[in-house]
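Novice: Below, each chain spelled out in residue letters.
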Amino acid sequence: MSFPAVLRSEWTKIRTVASTVWTLAAAAVVTVGMSALLCVFLNSQFENMPKEQQLAFDPTASSFAGMSLGQAAVIVFGVLVVGTEYSTGMIRTSLAAVPRRGSFLAGKLLVATALALAVGLVTSFVSFFTGQALLGEHSIGIGEPNVLRAVFGAGLYMAVIALFAMGLTMVLRSSMLALGILLPFVFLLSPILGSVDATQKVAYFFPNVAGSRIMQTVPAVLDGSEPPYGPWGGFGIMAAWAALAVVAGYAVLRKRDA
Amino acid sequence: MIELEALTKRFGAKTAVDNLSFQVKPGVVTGFLGPNGAGKSTTMRMMLDLDNPTSGTVRIDGKHYRDLSEPLKHIGALLDAKAMHGGRSAYNNLLCLAQSNRIPASRVGEVLDLVGLTAVAKKKSKGFSLGMGQRLGIAAALLGDPEILMFDEPVNGLDPEGILWIRNLMKGLAGEGRTVFVSSHLMSEMALTADHLIVIGQGKLLADMSMAEFIHQNSRSFVRLRSPQQEQLKDLLHAEGIAAAALPDSGALEVDGVASEQLGELAARHGIVLHELSPQRASLEEAFMRMTADSVEYQAHAPGAPAAGVGGQAGPADAPAWGAGAEATSKGGR
Ligand SMILES: Nc1ncnc2c1ncn2[C@@H]1O[C@H](COP(=O)(O)OP(=O)(O)OP(=O)(O)O)[C@@H](O)[C@H]1O
Ligand SMILES: [Mg+2]
Chain A
1161 MSFPAVLRSE
1171 WTKIRTVAST
1181 VWTLAAAAVV
1191 TVGMSALLCV
1201 FLNSQFENMP
1211 KEQQLAFDPT
1221 ASSFAGMSLG
1231 QAAVIVFGVL
1241 VVGTEYSTGM
1251 IRTSLAAVPR
1261 RGSFLAGKLL
1271 VATALALAVG
1281 LVTSFVSFFT
1291 GQALLGEHSI
1301 GIGEPNVLRA
1311 VFGAGLYMAV
1321 IALFAMGLTM
1331 VLRSSMLALG
1341 ILLPFVFLLS
1351 PILGSVDATQ
1361 KVAYFFPNVA
1371 GSRIMQTVPA
1381 VLDGSEPPYG
1391 PWGGFGIMAA
1401 WAALAVVAGY
1411 AVLRKRDA
Chain B
118 MIELEALTKR
128 FGAKTAVDNL
138 SFQVKPGVVT
148 GFLGPNGAGK
158 STTMRMMLDL
168 DNPTSGTVRI
178 DGKHYRDLSE
188 PLKHIGALLD
198 AKAMHGGRSA
208 YNNLLCLAQS
218 NRIPASRVGE
228 VLDLVGLTAV
238 AKKKSKGFSL
248 GMGQRLGIAA
258 ALLGDPEILM
268 FDEPVNGLDP
278 EGILWIRNLM
288 KGLAGEGRTV
298 FVSSHLMSEM
308 ALTADHLIVI
318 GQGKLLADMS
328 MAEFIHQNSR
338 SFVRLRSPQQ
348 EQLKDLLHAE
358 GIAAAALPDS
368 GALEVDGVAS
378 EQLGELAARH
388 GIVLHELSPQ
398 RASLEEAFMR
408 MTADSVEYQA
418 HAPGAPAAGV
428 GGQAGPADAP
438 AWGAGAEATS
448 KGGR
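Residue numbers (my numbering), protein chains in the order written: chain A, 1161 to 1418; chain B, 118 to 451.
These stretches of chain B come out as covered by chain A in the derived footprint (C-beta under 8 Å, 3 or more residues):
1. 163-169
2. 176-187
3. 191-198
4. 201-207
5. 217-227
So, partial list: chain B residues that the calculated Cβ filter (under 8 Å) puts toward chain A:
6. L212
7. C213
8. L214
9. A257
FYI, nobody ran anything at the bench for these hints, they're computed from the structure.
Heads up, the beta-carbon is just placed ideally off N, CA and C, and yes, glycines get one too.
Start from the sequences and build out the full structure, keeping to the hints where you can.
Specialist: Encoded structure:
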């Protein structure tokens, strides 16, 4: 089995369905748009903010804050890339063509993750520069400490959250089920558990919470609760989750009947 | 060449495929016949390494499917016509398959032309009719110009013209020396296409023989007799040592293995009036039904009859068979 051939095939698959274009475009537009709005708002309200908030203000993270919503579209992208194979029955045709489960899975995940990374990086850079332009005198330059890492990190975050979604969908073999778990997890469970003292320490280790640490340049010193890892440590935790999901997905693909 | 060795598949407590061993040889159309739920599709999925066998093996040209480096160039299969992404055009659905096996993109146009879908090549496949979907699936099977072709109920949803087309296609492919394996639950369809038959019921092999042999063994010919003097006729036949079966409602008699001429002359000699003297031949469909009768799973029940076993999970023991009481069938013909 020629692996480049599998990659080409998966690339054709991904570029010839409308959902790819729509979900990734939505991720970019929502992230850039929401971030820009927030930056305009912050810039105009900065003087009215309490002193401690002004001190902890993170112009970098603010300029892609919209990613917290934009990631929903990236999750949908990841879920659909895998889930439609199952919902359409295409999986049987695909596996008959590429019977080596490892090649099939690696090809699909590599192509989709690379695409999510490309879109994520473009989105984070565009979002950063747009946001900084709108923040006016409160803006920060890309050359300042940790800023470039955070902007790159935002792109990486997009790619890894997509990979996590793909792995999980591979396990569940259903788009509906995967979305039904992932979206409430990211948008309800994480923020709720993260805001309650007793459960916050657990929430720190959720993939989306740990991963988003890489987008921040200013530690959240205010409430004194700092996660027990740095930006790359947090990203590592997220990547470990994604790896776990992919390994589990691979096990399911090997074990179960298609 | 496809070789199955003691292939078995269980779903929980249910044995869908039971210790199947047979070979599918090149140059002929091999029909794979069995009633609904007999295990045909499951067997085919295992041949393509989609379902994992509980035990046993399948070899394609001596290899496991997973070890074929570019499988579409060895074996092409139509399993389920809808096994494509509906949001993708017919052309693109085939293109991604072709690319994965390093089949030139020009071949996509060729097979679309072959199945008559050129005009809708750029259309999304979700708008396709059942017949068009079937043709797209056949195009996918032909993509790698494989030596082995496998079709699971290919005539499903095709109009008469389409059925004729696929029949000729399969014969043509076999004529070129390829291995053609096609499933159906219709004996009449197979009789027109297949040169060789493999019959299964409840996952077990019931027959593996040439079509000619199957016809020879299974098409019972008999003579139907009707007479206003039925009792006299019965006595006469009995006296001559000819076995006759009386049909309950029509009042006719059926005689096996004696020529109609002989029966007519016999009746004339004894002055018995005959209203009917007709040579009959049981259809292959009937022969197939007799063969699989005790292994039919999804059986229609007369209204009002106890519903036990309807819908499937009932074992063979409590499933009243149609042919119950019929004399021994040529089960296990090999
Ligand atoms: N994934 C599955 N899980 C559980 N049981 C299954 C599964 N697939 C098939 N079966 C059972 O296995 C048996 C064989 O099914 P299969 O689809 O292979 O039959 P078939 O011969 O193709 O029938 P048909 O003519 O209706 O297509 C059936 O009783 C079916 O209910
Ligand atoms: Mg079937």
